[in-house]
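K.L.:
These protein sequence lines map, in sequence, to chains A and B. Just so we're aligned: 241 in the numbering used here is position 241 of the first sequence, and the numbers increase by one with no gaps anywhere. Just so we're aligned: 243 in the numbering used here is position 243 of the second sequence, and the numbers increase by one with no gaps anywhere.
By construction, these hints were calculated from the structure, which means they are not laboratory data. It cannot be assumed that every hint is accurate.
Unchecked claim - Reference listing, derived: stretches of chain A covered by chain B, where coverage requires no fewer than 3 residues with Cβ under 8 Å from a Cβ of chain B:
1. 78-85
2. 102-108
Unchecked claim - Using 20 Å as the maximum straight-line C-alpha spacing, the simulated SDA-like pairs for lysine to any residue come out as follows:
3. B:K172 <-> A:E112
4. B:K302 <-> A:A295
5. A:K268 <-> B:D280
6. B:K172 <-> A:K492
7. B:K172 <-> A:D98
8. B:K172 <-> A:A118
9. B:K196 <-> A:R19
10. A:K492 <-> A:M355
11. B:K172 <-> A:P117
12. A:K269 <-> B:S295
13. A:K111 <-> B:T195
14. A:K111 <-> B:V194
15. B:K172 <-> A:T110
16. A:K202 <-> A:F183
17. B:K193 <-> A:E84
18. A:K377 <-> A:G406
19. A:K139 <-> B:S303
20. A:K111 <-> B:K193
21. B:K172 <-> A:L120
22. A:K113 <-> B:R169
23. B:K172 <-> A:F183
24. A:K269 <-> B:R300
25. A:K140 <-> B:Q304
26. A:K140 <-> B:S303
27. B:K193 <-> A:E112
Glycine residues also receive a C-beta, built at the ideal position from the N, C-alpha and C atoms.
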Amino acid sequence: MADKRKENFAIECVGITKRFGSVLANDHIDLQVRNGEVLALLGENGSGKTTLMNMLSGIYHPDEGSIFVNGEEAVINSPTDASELGIGMIHQHFKLVDVFSAMENIVLGTKEKYEKPAVLEEKINAICDKFGLEIDARKKVYNMSVSEKQTVEILKVLYRGANVLILDEPTAVLTPQETEKLFRILRNMKAQGNAVIIITHKLNEVLEISDRVTILRKGQSIDTVETKDCDANQLTELMVGRPVSLEIERPIMDEVGTILSCKNVTIKKADGTIGVRNLNFDMKTGEILGVAGVAGSGQKELCEGIAGLLKAECGEIHYEGKNIVGKTPEEIINLGISMSFVPEDRLGMGLVASMGMVENMLLKTYKKGKGPFLVRKPARSLAEKLVKKLGIVTSSVDTPVRFMSGGNVQKVLLGREIESNPKVLITAYPVRGLDINSSYTIYDLLNEQKKKDVAVLYVGEDLDVLLELCDRILVLCHGEITGIVDAEETTKEEIGLMMTGESVKKEA
Amino acid sequence: MSMLIKFIAVSIASGTPILFGTLGEIITEKVGHLNLGVEGMMAIGACAGFMVGMSTDSFLLALLAAFAAGAFAALIYAVLTVTFMANQNVTGLTLTIFGVGFANFCGYYAIGKSESGTLKLPENITAQMRNINIEGLSDIPVIGPLLFSYNPFVYIGIVTALLLWFYLRRTKTGLNTRAIGENPAAADAAGIKVTKWKYINICLGGGICGIGGAYTIMIINKGVWISDCVGGLGWIAVALVIFAGWSPVKAIFGSFIFGALRQLKYYVPAAITIPGAFYDMLPYLITTIVLIATSIRTSREKSQPEACGTNYFREER
Numbered sequence: 001m002a003d004k005r006k007e008n009f010a011i012e013c014v015g016i017t018k019r020f021g022s023v024l025a026n027d028h029i030d031l032q033v034r035n036g037e038v039l040a041l042l043g044e045n046g047s048g049k050t051t052l053m054n055m056l057s058g059i060y061h062p063d064e065g066s067i068f069v070n071g072e073e074a075v076i077n078s079p080t081d082a083s084e085l086g087i088g089m090i091h092q093h094f095k096l097v098d099v100f101s102a103m104e105n106i107v108l109g110t111k112e113k114y115e116k117p118a119v120l121e122e123k124i125n126a127i128c129d130k131f132g133l134e135i136d137a138r139k140k141v142y143n144m145s146v147s148e149k150q151t152v153e154i155l156k157v158l159y160r161g162a163n164v165l166i167l168d169e170p171t172a173v174l175t176p177q178e179t180e181k182l183f184r185i186l187r188n189m190k191a192q193g194n195a196v197i198i199i200t201h202k203l204n205e206v207l208e209i210s211d212r213v214t215i216l217r218k219g220q221s222i223d224t225v226e227t228k229d230c231d232a233n234q235l236t237e238l239m240v241g242r243p244v245s246l247e248i249e250r251p252i253m254d255e256v257g258t259i260l261s262c263k264n265v266t267i268k269k270a271d272g273t274i275g276v277r278n279l280n281f282d283m284k285t286g287e288i289l290g291v292a293g294v295a296g297s298g299q300k301e302l303c304e305g306i307a308g309l310l311k312a313e314c315g316e317i318h319y320e321g322k323n324i325v326g327k328t329p330e331e332i333i334n335l336g337i338s339m340s341f342v343p344e345d346r347l348g349m350g351l352v353a354s355m356g357m358v359e360n361m362l363l364k365t366y367k368k369g370k371g372p373f374l375v376r377k378p379a380r381s382l383a384e385k386l387v388k389k390l391g392i393v394t395s396s397v398d399t400p401v402r403f404m405s406g407g408n409v410q411k412v413l414l415g416r417e418i419e420s421n422p423k424v425l426i427t428a429y430p431v432r433g434l435d436i437n438s439s440y441t442i443y444d445l446l447n448e449q450k451k452k453d454v455a456v457l458y459v460g461e462d463l464d465v466l467l468e469l470c471d472r473i474l475v476l477c478h479g480e481i482t483g484i485v486d487a488e489e490t491t492k493e494e495i496g497l498m499m500t501g502e503s504v505k506k507e508a
Numbered sequence: 001m002s003m004l005i006k007f008i009a010v011s012i013a014s015g016t017p018i019l020f021g022t023l024g025e026i027i028t029e030k031v032g033h034l035n036l037g038v039e040g041m042m043a044i045g046a047c048a049g050f051m052v053g054m055s056t057d058s059f060l061l062a063l064l065a066a067f068a069a070g071a072f073a074a075l076i077y078a079v080l081t082v083t084f085m086a087n088q089n090v091t092g093l094t095l096t097i098f099g100v101g102f103a104n105f106c107g108y109y110a111i112g113k114s115e116s117g118t119l120k121l122p123e124n125i126t127a128q129m130r131n132i133n134i135e136g137l138s139d140i141p142v143i144g145p146l147l148f149s150y151n152p153f154v155y156i157g158i159v160t161a162l163l164l165w166f167y168l169r170r171t172k173t174g175l176n177t178r179a180i181g182e183n184p185a186a187a188d189a190a191g192i193k194v195t196k197w198k199y200i201n202i203c204l205g206g207g208i209c210g211i212g213g214a215y216t217i218m219i220i221n222k223g224v225w226i227s228d229c230v231g232g233l234g235w236i237a238v239a240l241v242i243f244a245g246w247s248p249v250k251a252i253f254g255s256f257i258f259g260a261l262r263q264l265k266y267y268v269p270a271a272i273t274i275p276g277a278f279y280d281m282l283p284y285l286i287t288t289i290v291l292i293a294t295s296i297r298t299s300r301e302k303s304q305p306e307a308c309g310t311n312y313f314r315e316e317r
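With the rest of the complex left out, here is chain A (with noise of 0.2 Å):
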């Protein structure tokens, strides 16, 4: 160990161990990173990887173990400190104030006088040159796209003199040309022998950037490999700690016919402003239409407008013929239309977090009963049934939700969608946050929908899953539609453009 310290790590942890009430978070976890490298760390939600990163920023403070920078104990005790070292961090949840521009986020809390805008915007072009990267250092943050925000975030950082950054998964809501972009910049960065941590559970992207990755599990540090020497199935084999099959099956449908189209729809949003303009696909049953684009591209609003949530301000939604448009949720659930939508914070919308199963159940079922009191009993075997069918883990069927890990919460959601035998189901970022194991169940259960001749819709983030798992993708970009391809025969940077706004031609 004392041999190793000598060769000075821009950054060594040794030991760390943090806790949060009785759960252990990281269990005496060592890391070491090397400047002028990318080093990725891999772990499974949960495994304990933010939470190092924060002790690393100083937002958390270790229980036990030390940290040091460039062969020198530190003391990280708060942001400043972590800057003043050197370390920045980029996270996932971008910290960025909305109604101030580009220049005023980035001198945000630092030290030096208030300085003249166009002085400002000369230091912040001078680092832009040297990194190559690009921002409007006036734009106000509101009016920014995800890659924009993220740049700020980073020119954030090196203002601050950076040379360790650490990245909290930063490719999950950019487009794949998005994400070139930024592992240009990053590899800039290693060549002018800043060292840098990038966080996530891509592993085609692991081998892509990094040097070396550190793989987490279950907060304990389980071994550091050489990217070079590995391939994705050694990494999951690591990170989940048994062999995996990454493959998702696509079973092939004979018959499809359509069950639902929407014919030029446009939605509003609840604040007024065009959610999605002037719509025209067709649902197929037995088939999964994937929705692909990048975050608030109109998703959810496509979602709430088919289940009535939103009323479309003109065309129309035809099912099975009808137009259903200007139906209450409630018809639209009984004609056979279900929806799960998993929002950001995932139990925002569908579950009621401090009630059980049994009565989370009974919300969509409360008025099938006789009077006015309610009957527990089939929905306390329909909560039953679930948990032995998708292998829910819960103290009790009448453990109020928000105790379940999200794996076990959004189970409950889609199987209760799927108990009502929807003809047409809707999900939107069902796998939101899910480690691999509980993410193949879900898919699992959507092929298993489509079997049986459900007309599935499937909003997601990741593009690998949605190749492989959708028959069709739909790609939606500012509130249009700017192509609906068929999965096998597009290529990701297809649809990366797609969601950039550039049309393609080819419909499928």
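Take the given structure of chain A and dock chain B to it, following the hints.
P.N.:
Relative to chain A, chain B alone:
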């Protein structure tokens, strides 16, 4: 003509206590805290200013006491909401009830002790609060009465508004302050001491409200103590924050409009016979209309700081 100039002049003076309340609330909301205790902080400021003025006979000490008392009342609010994460609305409302009640209680107590049964500021201090009269300047027609004829509070109020504008818009500290109100997590990650600046701004805001309270007792009631001297001005101030779009400079104009509404009943021609109660109602009616009208406004810069009303807890994810 002279009637109109007089009306404008009294409107400006009449809007000044509202201006203080609005400025105090703006700077509080800029750090993300909605303090509904403006009315209470003004009452406490009024009480402290009056009592200190009466016993020391010094206008300056009275002002300082009003500021300190308002700031102290705000400190109670800050401890509860910033440190103990209490609900901001409930805490603010409680502060209003407490502040008004406490001021009235002190007043009753002091009146009980006095021989005459009334409380009045000494002549020396009331002389200092009168409208200024600068030889030569105040006598210029039109400009004189409009610019150089007010009580000292009016000038203090306008200077405070301009200073606050400069602080919020032109200094680094102001930038940091605004960031706290918009996105405290971002400010925290940028190394800004969120809790410290919340305390400073909330207390500063409370102090400014306290001076507004002193106005109500010293000018509106001419230095004679009465209960409930603030009389709802604090609530108009809270609404005016929205009307002013969280801008201290716009607050100057907004408060003068409301000052005009409050004075209107004395300046309408006698021929128009609308019951006086209608004019008393007018500021509140307009407040309601303003709140509805401004809720339609969509500009991001002129809307409430995004994190206003929610307490910030760092480890919450």
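K.L.:
Compare the structure with each hint and give your call.
P.N.:
To see whether the hints hold, each was checked on the structure:
no.: 1; hint: 78-85; verdict: holds (count 4)
no.: 2; hint: 102-108; verdict: holds (count 4)
no.: 3; hint: B:K172 <-> A:E112; verdict: holds (9 Å)
no.: 4; hint: B:K302 <-> A:A295; verdict: violated (26 Å)
no.: 5; hint: A:K268 <-> B:D280; verdict: violated (42 Å)
no.: 6; hint: B:K172 <-> A:K492; verdict: violated (45 Å)
no.: 7; hint: B:K172 <-> A:D98; verdict: holds (17 Å)
no.: 8; hint: B:K172 <-> A:A118; verdict: holds (16 Å)
no.: 9; hint: B:K196 <-> A:R19; verdict: violated (27 Å)
no.: 10; hint: A:K492 <-> A:M355; verdict: violated (41 Å)
no.: 11; hint: B:K172 <-> A:P117; verdict: holds (12 Å)
no.: 12; hint: A:K269 <-> B:S295; verdict: holds (17 Å)
no.: 13; hint: A:K111 <-> B:T195; verdict: holds (18 Å)
no.: 14; hint: A:K111 <-> B:V194; verdict: holds (15 Å)
no.: 15; hint: B:K172 <-> A:T110; verdict: holds (9 Å)
no.: 16; hint: A:K202 <-> A:F183; verdict: holds (14 Å)
no.: 17; hint: B:K193 <-> A:E84; verdict: holds (15 Å)
no.: 18; hint: A:K377 <-> A:G406; verdict: violated (26 Å)
no.: 19; hint: A:K139 <-> B:S303; verdict: holds (18 Å)
no.: 20; hint: A:K111 <-> B:K193; verdict: holds (12 Å)
no.: 21; hint: B:K172 <-> A:L120; verdict: holds (13 Å)
no.: 22; hint: A:K113 <-> B:R169; verdict: holds (14 Å)
no.: 23; hint: B:K172 <-> A:F183; verdict: violated (33 Å)
no.: 24; hint: A:K269 <-> B:R300; verdict: holds (17 Å)
no.: 25; hint: A:K140 <-> B:Q304; verdict: holds (17 Å)
no.: 26; hint: A:K140 <-> B:S303; verdict: holds (15 Å)
no.: 27; hint: B:K193 <-> A:E112; verdict: holds (16 Å)
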